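> Sequence:
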Amino acid sequence: MPVIVTGASSPSIEALANQWPGSRLLDLSDVVKRLEASASAEQHEAGLSASAERLLRWWRLYPDHVLQVSLSPALMAGCEWPLLSAWGMTASEQHDLLALFAQRGWTREVMLMTRTRHCRQCRSVHLNYIDVCPRCRHLDLVALDGLHCFTCGHVDRLDHFTHDERLVCPKCHVRLRHIGVDYDRPLESLACGKCDLWLVEGEVEVQCMDCGQLQQPGELIQQRVASLALSETGRRVVALPRKEGMPEQMVGQRVSRAELHHMLDLLVPLARRHAHRHLLMVMSSGALPSRSVASPLSASSPAASLSAMAQRLTSLLRDTDLVCEYDAGHWLFLLPHTPREHFADIARRIKSLTDLAEDDAGLDIALEMHELPSERCTGKAPYWLAKLLDDQASGQPSGKMPSEAEA
1 MPVIVTGASS PSIEALANQW PGSRLLDLSD VVKRLEASAS AEQHEAGLSA SAERLLRWWR
61 LYPDHVLQVS LSPALMAGCE WPLLSAWGMT ASEQHDLLAL FAQRGWTREV MLMTRTRHCR
121 QCRSVHLNYI DVCPRCRHLD LVALDGLHCF TCGHVDRLDH FTHDERLVCP KCHVRLRHIG
181 VDYDRPLESL ACGKCDLWLV EGEVEVQCMD CGQLQQPGEL IQQRVASLAL SETGRRVVAL
241 PRKEGMPEQM VGQRVSRAEL HHMLDLLVPL ARRHAHRHLL MVMSSGALPS RSVASPLSAS
301 SPAASLSAMA QRLTSLLRDT DLVCEYDAGH WLFLLPHTPR EHFADIARRI KSLTDLAEDD
361 AGLDIALEMH ELPSERCTGK APYWLAKLLD DQASGQPSGK MPSEAEA
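In full-length UniProt numbering, the protein residues as written are 1 to 407.
Simulated from the structure, these hints should not be mistaken for laboratory data. Model, not experiment: these values are computed from the prediction. Backbone N, C-alpha and C define an ideal beta-carbon position, used for all residues, glycine too. Where hints are given, some of them may not hold.
[What the hints assert, rightly or not] FRET-style restraints, in silico, Cβ to Cβ: (1) Val200 / Pro73: 29 to 37 Å; (2) Pro134 / Ala74: 17 to 25 Å; (3) Gln103 / Tyr129: 27 to 35 Å; (4) His274 / Ala393: 30 to 38 Å.
Please model the complete structure; the sequences and the hints are all you need to start from.
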């Protein structure tokens, strides 16, 4: 439910609040509609914990809201997200959850508050930076004055120049009477109380105040502390239950963009090693070269038209096939272990589906079929997929990648 702030506020209160005077107005009727749609959809993302589902539901109700962060020096993590703390999540659970959302590309940073450094062992921010002797690693360093003899250039500790209450260079034995003429005082130096090493500056080590672990500054774990909001991908995720014409459960496995990249990075090398063949279908809006399979579908927008066609294509899929809404203009279908010999049959069935929509008036839908692996599949999937989609959009030929079966 919305939290209404009418009086004094604090960072924690503002982080928990959904509305406060003069800032953001909530349409409560719209919130109720989203709540009812979310409750009736019964749609869940695969592999998510209860806490992740809960955060998705919160953003489904308030898609424009920002998940505020608050610095908390008393915590080992150094910060917390008060909303998640109110749900009973520990600081480590909060960081793991938000790391998952960031990995899937569902969130974006709104305002970077600070950057923190954490102990590599216990992840604490309670760190003590100390100077130690570079030879014996002891921390007992004492500040000492030094002298520089102009006659021979010798530099040493002040007590080494003192002899019978006079200043005498221990190397050339010249008496030093006048500063600036006979000698000078260099920068302050240090002496190790254990090994008596004289040095200009010590080496920095970091000691964790919670677990006692000693480490170098470069070994610390750095973390960005920022308030978060839904990214465009995240908005599509929370909007899925409300998409018109999209079934609650599609045949095939619905995957995110990052999950599709990960699956392709696994399947393509395995296919090369074991001589397997897979089919990748790319569905997009607008006119494409004549080799593609086009169909007019009635739709109020390109995105709605693509969703409608995706729903029809699911009747051709198996439970092991993957479906991905790659971006606003592309749907990708990955059919593992589907060699080129089956392309013609699949194309005929796709044509039969598009024939059902001949009387509809709307946006052209184009479909291209590509056999994997191919010479184009070099490097990571995000790279060669982007090149594939760019070539398809510009109408360039697919090169040596076996593609299309025309219906």
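> Each hint: holds or not?
Now for the hints, and whether the structure bears them out:
1. Val200 / Pro73: 29 to 37 Å: With Cβ atoms ~34 Å apart, the hint holds.
2. Pro134 / Ala74: 17 to 25 Å: violated, 35 Å
3. Gln103 / Tyr129: 27 to 35 Å: holds, 31 Å
4. His274 / Ala393: 30 to 38 Å: holds, 32 Å
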